[in-house]
Amino acid sequence: MKFKLISSVSFSLMLARLKQTTVAAVGVTFSITMFITLLSFMGGLNDLLDGLITKRSPHVRLYNEVEPSEKQPVDRSLQFGRHYNFVSSVKPKNEMPEIYNSRKIMNTLQHDTRVAGVSPKITAQVFYNVGSIDFAGSVNGIDVDAEAKLFSFKDYVTTGNYIDLKNTPNSIILGKGVADKMLADIGDLIQITTSKGERVQLIVVGYFQSGLMDIDKIQSYTSLSTAQKLLVETDNYITDIQIKVNELEMAPELAKEYARIFETNAVDIQTANAQFETGSSVRTLISYAVGITLLIVAGFGIYNILNMMIYEKMDTIAILKATGFSGNDVKNIFILISMTIGILGGLLGLLFGFILSMIIDQIPFVTAALPTIKTYAINYNPKFYIIGIVFSIITTYLAGYFPAKKASKLDPVIIIRGK
Amino acid sequence: MSNIVLQARNISKYFHDPVTNQVLKNINLTIEKGVFASVMGKSGCGKSTLLYILSTMDTEYEGELFIDGVNMRNRKEKELALVRNEKIGFVFQFHYLLNEFSVIRNVMLPGIKLAKYSEKEVEAKAYEKLKLLGIESEALKKPNQLSGGQKQRVAIARALINDPLIIMGDEPTGNLDKKNSENVYEIFSELAETYKQSLLIVTHDPEFANRTHRIIEMVDGAITADIIQAEK
Ligand SMILES: Nc1ncnc2c1ncn2[C@@H]1O[C@H](COP(=O)(O)OP(=O)(O)OP(=O)(O)O)[C@@H](O)[C@H]1O
Ligand SMILES: [Mg+2]
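These protein sequences, in sequence, are chains H and R.
For the first sequence, numbering that gives the first Met the number 0 assigns the number 0 to the initial residue and increments by one for each residue that follows.
For the second sequence, numbering that gives the first Met the number 0 assigns the number 0 to the initial residue and increments by one for each residue that follows.
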């Protein structure tokens, strides 16, 4: 009953000043539209750039660093337990960065419910031989199926068929940069030299393009068994275990846990790519700052229009008070006006923001560096919409509150005397 | 219940701007039910000031004000608003109607605010009041489509909507021509005689005042004469 009365007065006042009310609402609509579009676009961009990393990087990577043992044999000896060890310049043992017990570790991981997938990898340092010139690079031996499933390997093989890597013995997929340097076509035989000095010939079955030029200039892929052959190792030999977890946020925790359990080194994606995180968060911060600035400007618009309305409607306020409306009723009337402008303008803003995002989503965006991207990316996170509407409500409430408070304090006697 | 509608005891009022100036001096006044009283006095003698205090809109005064036997001192703003809504009908020199609303809505607003009756019932009552004042045919117009006399009648209808204890008027005929003033007087008179409505009306028109039950004369913020007139 009470709300109905207040709202009927509010709406009548708004209708009487339809033009200004509309302008104020359009201000809110505009700022919310831009807020949503900006955040969706930046979100899409972040996803795209993060995708470069997260899609293809393991969330946790287990590996063995070649380093001197933390506990030297002399430390273990009881005989020297109370002595001070001053042996310096300790050197690591001559061993390969192999993960021991890799089968067992992989098996354990595959049964861990927090893990989405596991893929073994061998990294081998090689030289690519082009005529008389050699240049350094690396070859990754991968489990083709697991790599395709977990890291969208297929998407980045721009020429040739990725599955040939598994089906053709002694095959290699070259990084696009490597292939360009070697002038190697599909089906060509190329020659590489392993770190142990062996020369091996491999058949090129495809090109790989990650979008990161520096990587494409040195990196190539072979199957696990080919890599093991290159290094003259058994089929147990693995240097990395790549893990995808179900929840990205858990990665640092799991990395620590696995490092302890499996006695290997472990690095999580957040630590490995800290600079990308920073970039993303700065971009997000900027979009929020711009969006909120727009909203505050719209808020000032509402504030002005409400102040003007109150100035014009002094008589109305006086008569409402003289006939029994309390200061609080008057305040609610003006706050309701402001909130109506804010909510209507805000909802329209959400709609237009959504439409504008969809339009941007259709704009072609082709770049050689990102072979899988065809249009600009948009992130339709409902969070942006919730923040947008909540902010528009808060801003318009505040913008309305102060003029409304002023209206509620107006003394009807002064206004009536003023006539 | 006593017959006293409104009682002012020793009401004084000062203005401090630009210099302290006592505008009302120990006003004592009692209005009984069904009395049609008028207040006369030179311009600037404090009639409006008194009326604003009696209608609870002005709370800065010394002395005591009782409305319907209840002391109005130290009441919250909200409680005073309710008193105005329920017990006092106010008619101004300028009609003060809300141009955003139709005539009928204007009359209904204080009734809806009181919420004693449903909106439908308030509407029926509003029509009844408009009919009493002979302007029910204008109900759906906007106030700015009415003549001055019609507007003032709408304002009176609005003052009547909650069947108030007392109607106060600050020169309600001050802005009207002879014929319309006469009309407003007739309405007030009928309200007092037929419906036992108490009225306290400030006026400059001696002819108007002479036909009321009681004439209160003010000079320089004090009541100098309080004449009860015999029924005619
Ligand atoms: N806000 C104010 N500040 C200072 N003095 C005021 C103020 N309002 C009114 N006064 C003074 O109080 C006195 C009484 O004013 P009031 O309006 O009550 O007179 P009135 O009897 O209604 O006169 P009128 O018949 O012209 O309407 C006047 O002398 C006026 O100058
Ligand atoms: Mg006056």
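These aren't lab readings, by the way, just hints derived from the structure by calculation.
Watch out, some of these pointers could steer you wrong.
Listed next, the in silico SDA-like pairs over lysine to any residue satisfying Cα-Cα at most 25 Å (straight line) [what the hints assert, rightly or not]:
id : chain 1 : residue 1 : chain 2 : residue 2
1  : R       : Lys77     : H       : Phe10
2  : R       : Lys32     : R       : Lys119
3  : R       : Lys77     : H       : Asp328
4  : R       : Lys124    : H       : Phe401
5  : R       : Lys178    : R       : Gly147
6  : H       : Lys330    : H       : Phe401
7  : H       : Lys330    : H       : Ala15
8  : R       : Lys119    : H       : Phe401
9  : R       : Lys141    : H       : Phe2
10 : H       : Lys18     : R       : Lys32
11 : H       : Lys330    : R       : Glu99
12 : H       : Lys408    : R       : Lys124
13 : H       : Lys1      : R       : Gly147
14 : R       : Lys119    : H       : Phe10
15 : H       : Lys408    : R       : Arg74
16 : H       : Lys3      : R       : Glu78
Quick one: which hint numbers does this structure break? Sort them smallest to largest.
2, 4, 8, 10, 12 and 13
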